[in-house]
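**Q** Produce the complete structure using the sequences and hints provided.
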Amino acid sequence: MSGKWTAIVGLVLAMLGVLVPLVLWMADSDSREIEVRILSKANLNPSLPSGVDGEMEFAIGGRRVVKPYYVVVQVTNAGNRSIAAADVERPLTLAMGNVAVAQAQILTSQPAALKPELERQERQLVVKPLLLNPGDSFQIGFLTSGAEPSVTAQARIAGISDVRVVSSLSDDTVVGKSFRLVVASALMCIYASLLLVGFGQWRDGRRRLVLRKWATIPMAFFCGLGGSALFTSELGVLPLKDWRTIVIVIGSVVLAVVLARVPLKWVYHQPA
Numbered sequence: 001m002s003g004k005w006t007a008i009v010g011l012v013l014a015m016l017g018v019l020v021p022l023v024l025w026m027a028d029s030d031s032r033e034i035e036v037r038i039l040s041k042a043n044l045n046p047s048l049p050s051g052v053d054g055e056m057e058f059a060i061g062g063r064r065v066v067k068p069y070y071v072v073v074q075v076t077n078a079g080n081r082s083i084a085a086a087d088v089e090r091p092l093t094l095a096m097g098n099v100a101v102a103q104a105q106i107l108t109s110q111p112a113a114l115k116p117e118l119e120r121q122e123r124q125l126v127v128k129p130l131l132l133n134p135g136d137s138f139q140i141g142f143l144t145s146g147a148e149p150s151v152t153a154q155a156r157i158a159g160i161s162d163v164r165v166v167s168s169l170s171d172d173t174v175v176g177k178s179f180r181l182v183v184a185s186a187l188m189c190i191y192a193s194l195l196l197v198g199f200g201q202w203r204d205g206r207r208r209l210v211l212r213k214w215a216t217i218p219m220a221f222f223c224g225l226g227g228s229a230l231f232t233s234e235l236g237v238l239p240l241k242d243w244r245t246i247v248i249v250i251g252s253v254v255l256a257v258v259l260a261r262v263p264l265k266w267v268y269h270q271p272a
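Our numbering puts the first residue of the sequence shown at 1, with every later residue one more than the last.
It is worth saying that the hints were derived from the structure and are not from the lab.
Please read all numbers here as calculations on a predicted model, not as lab measurements.
Some hints here could point you the wrong way.
For each label pair, taking beta carbons as the anchor points, the in silico distance ranges come out as [stated by the list, open to error]:
| # | residue 1 | residue 2 | range |
| --- | --- | --- | --- |
| 1 | Ile60 | Ser150 | 18 to 24 Å |
| 2 | Asp53 | Ser31 | 54 to 60 Å |
| 3 | Gly141 | Asn80 | 25 to 31 Å |
| 4 | Arg64 | Pro91 | 26 to 32 Å |
| 5 | Val66 | Arg156 | 31 to 37 Å |
| 6 | Ala59 | Glu89 | 27 to 33 Å |
| 7 | Met56 | Ala86 | 47 to 53 Å |
| 8 | Ser109 | Pro49 | 40 to 46 Å |
| 9 | Ser50 | Lys115 | 44 to 50 Å |
| 10 | Lys128 | Tyr70 | 18 to 24 Å |
| 11 | Gly141 | Ser31 | 55 to 61 Å |
| 12 | Ser47 | Gln103 | 27 to 33 Å |
| 13 | Ser31 | Phe58 | 41 to 47 Å |
All C-beta atoms in this analysis are idealised placements derived from N, C-alpha and C, irrespective of residue type, glycine included.
**A** Structure below.
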């Protein structure tokens, strides 16, 4: 096989290796999903200055509240299929553990026409069944009494096996995910570069180093496997609901693969 065709075959395989995980993830994302995200959690427990005896009491609506916390959560249809009220066998329930719910209300909804209704019980909140189109969301603010609440979610909805509860309070939400995406991108670029020479050899003219295919292909395999796993696991943070965003992501990946071979000055030749 000539050096030209070797380069073309390697380039095509590199593109496929990068795009296939993305396409498989997009196909698998055609599902229903409810996400409950904790946006904020504020400790409202009043305290007296040091040296002052006694304790302050906190009350709302004439009801004494002990160790109050105010929590804001956002409920989102994170899938790409609508969820009708008829699909709900058991409504979404937010449980607080061994903590009482003193007050709760709907803060905002998107779109504005969305009118969710809450039923406040002693230690949990129940969201009455309603139509949620893809991307619809609403925020709930509630005050608890007793201790710091640990929010869990349960529901029985057609096509949804579990309801995720995630938190925006941890630094890992932004920093950790960004770092993993950078590492995944680096691994995929190494994978693409190695696979580009998987059918030939790469020679560094300055150091006289040669990578043969028995070395490049295993290296490409492990880099591609690790990069794909990280990349697809973190794709949930990207807004891949719009076709224009998908085109931009795919185009960026293809461009990165094409440019990966430019600064490396690959030299293809048939082994002797």
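**Q** Would you mind marking each hint as holding or not holding in the structure?
**A** Hint check results:
no.	hint	verdict
1	Ile60 with Ser150: 18 to 24 Å	holds, 21 Å
2	Asp53 with Ser31: 54 to 60 Å	holds, 58 Å
3	Gly141 with Asn80: 25 to 31 Å	holds, 28 Å
4	Arg64 with Pro91: 26 to 32 Å	holds, 30 Å
5	Val66 with Arg156: 31 to 37 Å	holds, 33 Å
6	Ala59 with Glu89: 27 to 33 Å	violated, 38 Å
7	Met56 with Ala86: 47 to 53 Å	holds, 49 Å
8	Ser109 with Pro49: 40 to 46 Å	holds, 41 Å
9	Ser50 with Lys115: 44 to 50 Å	holds, 48 Å
10	Lys128 with Tyr70: 18 to 24 Å	holds, 23 Å
11	Gly141 with Ser31: 55 to 61 Å	violated, 29 Å
12	Ser47 with Gln103: 27 to 33 Å	violated, 21 Å
13	Ser31 with Phe58: 41 to 47 Å	holds, 43 Å
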